[in-house]
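2 protein chains.
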Amino acid sequence: MEIAFEKSGGLVPAIIQDDASSEVLMLGFMNAESFALTQRTGEVVFFSRSRNKIWKKGESSGHVLQVRDIRIDCDADALLIRVHPLGSGVCHEGYRSCFYRELNADGTAAVIADRTLAPESVYATENPAAKKESR
Amino acid sequence: MEIAFEKSGGLVPAIIQDDASSEVLMLGFMNAESFALTQRTGEVVFFSRSRNKIWKKGESSGHVLQVRDIRIDCDADALLIRVHPLGSGVCHEGYRSCFYRELNADGTAAVIADRTLAPESVYATENPAAKKESR
Numbered sequence: 001m002e003i004a005f006e007k008s009g010g011l012v013p014a015i016i017q018d019d020a021s022s023e024v025l026m027l028g029f030m031n032a033e034s035f036a037l038t039q040r041t042g043e044v045v046f047f048s049r050s051r052n053k054i055w056k057k058g059e060s061s062g063h064v065l066q067v068r069d070i071r072i073d074c075d076a077d078a079l080l081i082r083v084h085p086l087g088s089g090v091c092h093e094g095y096r097s098c099f100y101r102e103l104n105a106d107g108t109a110a111v112i113a114d115r116t117l118a119p120e121s122v123y124a125t126e127n128p129a130a131k132k133e134s135r
Numbered sequence: 001m002e003i004a005f006e007k008s009g010g011l012v013p014a015i016i017q018d019d020a021s022s023e024v025l026m027l028g029f030m031n032a033e034s035f036a037l038t039q040r041t042g043e044v045v046f047f048s049r050s051r052n053k054i055w056k057k058g059e060s061s062g063h064v065l066q067v068r069d070i071r072i073d074c075d076a077d078a079l080l081i082r083v084h085p086l087g088s089g090v091c092h093e094g095y096r097s098c099f100y101r102e103l104n105a106d107g108t109a110a111v112i113a114d115r116t117l118a119p120e121s122v123y124a125t126e127n128p129a130a131k132k133e134s135r
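Quick mapping for you: the protein sequence lines, in order, are chains P and B.
Note that our numbering has the first sequence beginning at 1, numbered continuously upward.
Note that our numbering has the second sequence beginning at 1, numbered continuously upward.
These are computed hints drawn from the structure, not numbers from a lab.
Take the hints with a grain of salt, since some may be wrong.
Taking lysine-lysine pairs in the PhoX-like style, the calculated list, with each CA pair at most 25 Å apart, reads [as the list claims (entries may be wrong)]: (1) B/Lys-53 to B/Lys-7; (2) B/Lys-56 to P/Lys-7; (3) B/Lys-56 to P/Lys-53; (4) P/Lys-7 to B/Lys-53; (5) P/Lys-56 to P/Lys-7; (6) P/Lys-56 to B/Lys-56; (7) B/Lys-53 to P/Lys-53.
Isolated chain P, as found in the complex:
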C-alpha cells in the first residue's frame, strides 16, 4: 500500500477525528517522514507547511494525539487518523476542535463552540509568532 505523497508535492492531508466522539478536531499535512514517525510512535506528527519542518502535535502544549487507527482513502492521497486527544482541546485558540466557527451565507463566521482551555495558559512560554499553529 503506497501513499500518494508525490501527487501533492510530497504532502497529503490528514484528517484528525476523535475516536470516542467522532468530532473532527483538525486537519494537518504529512510528508513520508512525519507519517512514518506517526506510525512508529503512535502519536501524531505533522509536517508544518508554514515552518517547513516536522512538527509533533503537542510538543509544546502536551496535547498529544494518541493514534487509534489510520485509514486511507480510495485514491491513497488522504488520511483519516482516529485519535485519543490528551488535554481539553487541540486548538491554539482554546477550543476542543479547530473547526469552532461556522460560515454564514453572507460571508461572516460565527463561533459555535465554547472555549475549553485558556490559550495563554498552554502557550505562555512561546513567542507570539509560534502561536500561529496549534502546537
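Guided by the hints, dock chain B onto chain P, whose structure is given.
Only chain B this time, still in chain P's reference frame:
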C-alpha cells in the same frame, strides 16, 4: 471572513462529514469558484486536481452531497462540510465512505467496510478513465 485559498495554490481541503452519523465520507479540494457554487447551491462542488476543473459531486452518479453546514478552521485554510449524502455511498469503489481501508503497521491495508453499492451500476455509462474519481 476570508478563506486562505492563496496559501495552498488556490485550493483548500474540504472534509466531508455525514451530519447524521458523523462518519467522515471523503476529502476533496475547493477553489474559490467551487466554494462559492457550494455555498450558493447548497450542494457540494469540488475542484478536481487531476482533471483541473470544477467537479460537482454526484454529477454522474446522482450521489449529491446536500450541505448542512460549513465550518472553517482556526487559520482559515481548511473546511469541514457536514452533509446529507444522497444514495448509499460516496465512493466510486462502492463504499459509503472513501476511507474504507485501514493501514496496518506492516504497510499493508485491510478493507474494514462492506460495499453498499455496486460501482458498475452507478458508473456503467462512463469510460474507465472517468472512474478514477468518486463522481
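query: If you check each hint against the structure, which ones fail?
result: 3, 6 and 7
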